[in-house]
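There are 2 protein chains.
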Amino acid sequence: MPVSEFDIIQQVFKSRAQSDNQVICGIGDDAAVIEVPTGQQLLVSTDTLVSGVHYFPDANAFDVGFKSLAVNLSDMAAMAAKPCWMTLALTLPEANQNWLNSFADGLFTLARKYQVALVGGNLAQGPLSITITIMGTVPAGTALLRSGGCVGDDIYVTGELGMASLALASLKGECRISSNMQQSLLERLYRPQPRVETGMQIRNLASACIDLSDGLASDLLHILQASSAGAEVNLPTIPITASLKALNEQHRWSLALCGGDDYELCFTAPVANRTVLERMSGQFGCNITRIGKVTTGAGIRWLDENGLVKPVPDSGYRHF
Amino acid sequence: MPVSEFDIIQQVFKSRAQSDNQVICGIGDDAAVIEVPTGQQLLVSTDTLVSGVHYFPDANAFDVGFKSLAVNLSDMAAMAAKPCWMTLALTLPEANQNWLNSFADGLFTLARKYQVALVGGNLAQGPLSITITIMGTVPAGTALLRSGGCVGDDIYVTGELGMASLALASLKGECRISSNMQQSLLERLYRPQPRVETGMQIRNLASACIDLSDGLASDLLHILQASSAGAEVNLPTIPITASLKALNEQHRWSLALCGGDDYELCFTAPVANRTVLERMSGQFGCNITRIGKVTTGAGIRWLDENGLVKPVPDSGYRHF
Numbered sequence: 006m007p008v009s010e011f012d013i014i015q016q017v018f019k020s021r022a023q024s025d026n027q028v029i030c031g032i033g034d035d036a037a038v039i040e041v042p043t044g045q046q047l048l049v050s051t052d053t054l055v056s057g058v059h060y061f062p063d064a065n066a067f068d069v070g071f072k073s074l075a076v077n078l079s080d081m082a083a084m085a086a087k088p089c090w091m092t093l094a095l096t097l098p099e100a101n102q103n104w105l106n107s108f109a110d111g112l113f114t115l116a117r118k119y120q121v122a123l124v125g126g127n128l129a130q131g132p133l134s135i136t137i138t139i140m141g142t143v144p145a146g147t148a149l150l151r152s153g154g155c156v157g158d159d160i161y162v163t164g165e166l167g168m169a170s171l172a173l174a175s176l177k178g179e180c181r182i183s184s185n186m187q188q189s190l191l192e193r194l195y196r197p198q199p200r201v202e203t204g205m206q207i208r209n210l211a212s213a214c215i216d217l218s219d220g221l222a223s224d225l226l227h228i229l230q231a232s233s234a235g236a237e238v239n240l241p242t243i244p245i246t247a248s249l250k251a252l253n254e255q256h257r258w259s260l261a262l263c264g265g266d267d268y269e270l271c272f273t274a275p276v277a278n279r280t281v282l283e284r285m286s287g288q289f290g291c292n293i294t295r296i297g298k299v300t301t302g303a304g305i306r307w308l309d310e311n312g313l314v315k316p317v318p319d320s321g322y323r324h325f
Numbered sequence: 006m007p008v009s010e011f012d013i014i015q016q017v018f019k020s021r022a023q024s025d026n027q028v029i030c031g032i033g034d035d036a037a038v039i040e041v042p043t044g045q046q047l048l049v050s051t052d053t054l055v056s057g058v059h060y061f062p063d064a065n066a067f068d069v070g071f072k073s074l075a076v077n078l079s080d081m082a083a084m085a086a087k088p089c090w091m092t093l094a095l096t097l098p099e100a101n102q103n104w105l106n107s108f109a110d111g112l113f114t115l116a117r118k119y120q121v122a123l124v125g126g127n128l129a130q131g132p133l134s135i136t137i138t139i140m141g142t143v144p145a146g147t148a149l150l151r152s153g154g155c156v157g158d159d160i161y162v163t164g165e166l167g168m169a170s171l172a173l174a175s176l177k178g179e180c181r182i183s184s185n186m187q188q189s190l191l192e193r194l195y196r197p198q199p200r201v202e203t204g205m206q207i208r209n210l211a212s213a214c215i216d217l218s219d220g221l222a223s224d225l226l227h228i229l230q231a232s233s234a235g236a237e238v239n240l241p242t243i244p245i246t247a248s249l250k251a252l253n254e255q256h257r258w259s260l261a262l263c264g265g266d267d268y269e270l271c272f273t274a275p276v277a278n279r280t281v282l283e284r285m286s287g288q289f290g291c292n293i294t295r296i297g298k299v300t301t302g303a304g305i306r307w308l309d310e311n312g313l314v315k316p317v318p319d320s321g322y323r324h325f
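In order, the protein sequences belong to chains A and B. The first sequence begins at 6 in this note's numbering and counts up one residue at a time. The second sequence begins at 6 in this note's numbering and counts up one residue at a time.
Chain A with its partners taken away, still in its complex shape (with noise of 0.2 Å):
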């Protein structure tokens, strides 16, 4: 049976569509019209998952519509941001109802335990592509930039890194790891978990913050280079598995500092707000490892246990 994209909309999405009592329209006019509360400023971010480039083609769909919208929450919470409502932009090769499903299944899974409302979209024929955009709020003034580490700050990452690209590596046969191992591996690999509730926690706290998509040694550049500051990261303080440490020095590193999808939180802090960042360290089931400072200078010296600058691989995803 043809079914349209009116029908795909209406069974497929907005009924699984929570309510949100700042959308005054949500899916179906031409424009969701919101309310954006008095004293709260509005952030906006927009990520794309391409079939065959950000997850393989065969993909599971829940999986598929689970890390769309992990990914966008991820930059909400690297903005110490609560989000709250979202578009999405579907282009599919066809309506198959089965994938439909199970890829609004997984993506209102994180929606409904974010609360982030579906307030409209776009839903086209063509080569699969998700593009979802969504919109979060702060208290005006409070959201965590890039550009706000300061000489002297410490450097927190949370999670473990490198979990992601160690599955892919595994998956590519590239590492050995127990078929035990690999499912928690794979878990973070197609379901990560955004650190919402602790980019919203250390909102006060911290000074800048973004989230590991390409991997520590390109994102933490990103605070640096917009905070005209340096860094030295201490390399045995890098929260990794064990499996991760099981490998060669150039593996490891190259895996925990460059492999990205991480979707952990990068941020610097005034030393100041050390013990009250170290007693919040496990809460919302992720701890915060403080691996390093903010100097002066320009790049990242990362130091071995020794003390001594080691070099690493730098660089991290790149499209084109």
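Check each hint, because a few of them may be wrong.
Here are the simulated DSS-like pairs of lysine-lysine, each with C-alpha atoms no more than 30 Å apart in a straight line [stated by the list, open to error]: (1) B:Lys118 <-> B:Lys87; (2) A:Lys298 <-> A:Lys315; (3) B:Lys87 <-> A:Lys19; (4) A:Lys177 <-> A:Lys87; (5) A:Lys250 <-> A:Lys315; (6) B:Lys118 <-> A:Lys87; (7) B:Lys250 <-> B:Lys315; (8) A:Lys87 <-> B:Lys19; (9) A:Lys87 <-> A:Lys298.
Output of the computed footprint for chain A on chain B, the stretches with three or more beta carbons under 8 Å from beta carbons of chain A [unchecked claim]: (10) 16 to 22; (11) 27 to 38; (12) 111 to 122; (13) 179 to 189; (14) 309 to 318.
Keep in mind the hints are simulated off the structure, nothing from the lab. Don't be surprised by glycine CBs; every beta carbon is placed ideally from N, CA and C.
Use these hints to put chain B onto chain A, whose structure you have.
Just chain B now, with coordinates in the frame of chain A:
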């Protein structure tokens, strides 16, 4: 020379992006930070253009950039909104600098005209696809929804209908157009002029509004369904160009009512506003034509010059 996505964002887009004092933080962080003025509601809409579906794969890059924004601005016009900000998600097979510069020239021609600030986006490698999310504002409570039409209201359209679909038909060899005429028709197909000024001007005069992307037959029906009403439309009053009048009736109405890509506005308004709306016609280079009225019942009755119901094609473009 390989060029990274960061170079493209900097050289092609950031260099052309305008500033806006409501944009606290624009391109280059994890999200944009925007100050929505007090008393204004936020309008959000997303549209995707896919190569081979919305334009020919060999289409001129300037036109692709222009039309990508035009279709989004048209959604803001349909809500009576002032367009303000946008994000751009661009997926490209390769980073061709010439193509990118022409695309950006087309996009920013319209962005500058309507002072729309590019505040963020995403650049990825993959099949060519362009998704713009546009944001605008209206004074709280004044957005024109589809649901506001009332029985007795007049129905209007802006401009002339069927120009773009006539251009397309002529390109496909389905009808013959003088080469002189074809140029101005192609202009309508490739560079539609969104009715932004008209949309804002009718904000307090119209009761419901939609932009014509799928064709009047299908789009007016959206207003009627949302407003729980029917309509009578007088075919002889529908503004169409001489080249369309020259076609046989079936072909003429198929193009004018179902062809799509008009990006004109269709709106309803109380009879009391007729005089002031007729006085506005011709302003901003676009006529406003009264074509019928909202009635009880459901669906559209198309009437010929004798007031007799006439069967006309009634389906818009379907993606699936």
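Hints and how they fare:
no.: 1; hint: B:Lys118 <-> B:Lys87; verdict: holds, 12 Å
no.: 2; hint: A:Lys298 <-> A:Lys315; verdict: holds, 16 Å
no.: 3; hint: B:Lys87 <-> A:Lys19; verdict: holds, 27 Å
no.: 4; hint: A:Lys177 <-> A:Lys87; verdict: violated, 36 Å
no.: 5; hint: A:Lys250 <-> A:Lys315; verdict: holds, 17 Å
no.: 6; hint: B:Lys118 <-> A:Lys87; verdict: violated, 33 Å
no.: 7; hint: B:Lys250 <-> B:Lys315; verdict: holds, 17 Å
no.: 8; hint: A:Lys87 <-> B:Lys19; verdict: holds, 27 Å
no.: 9; hint: A:Lys87 <-> A:Lys298; verdict: holds, 27 Å
no.: 10; hint: 16 to 22; verdict: violated (count 0)
no.: 11; hint: 27 to 38; verdict: holds (count 8)
no.: 12; hint: 111 to 122; verdict: violated (count 0)
no.: 13; hint: 179 to 189; verdict: violated (count 0)
no.: 14; hint: 309 to 318; verdict: violated (count 0)
The structure fails to meet hints 4, 6, 10, 12, 13 and 14 from the earlier list, while all remaining hints are met.
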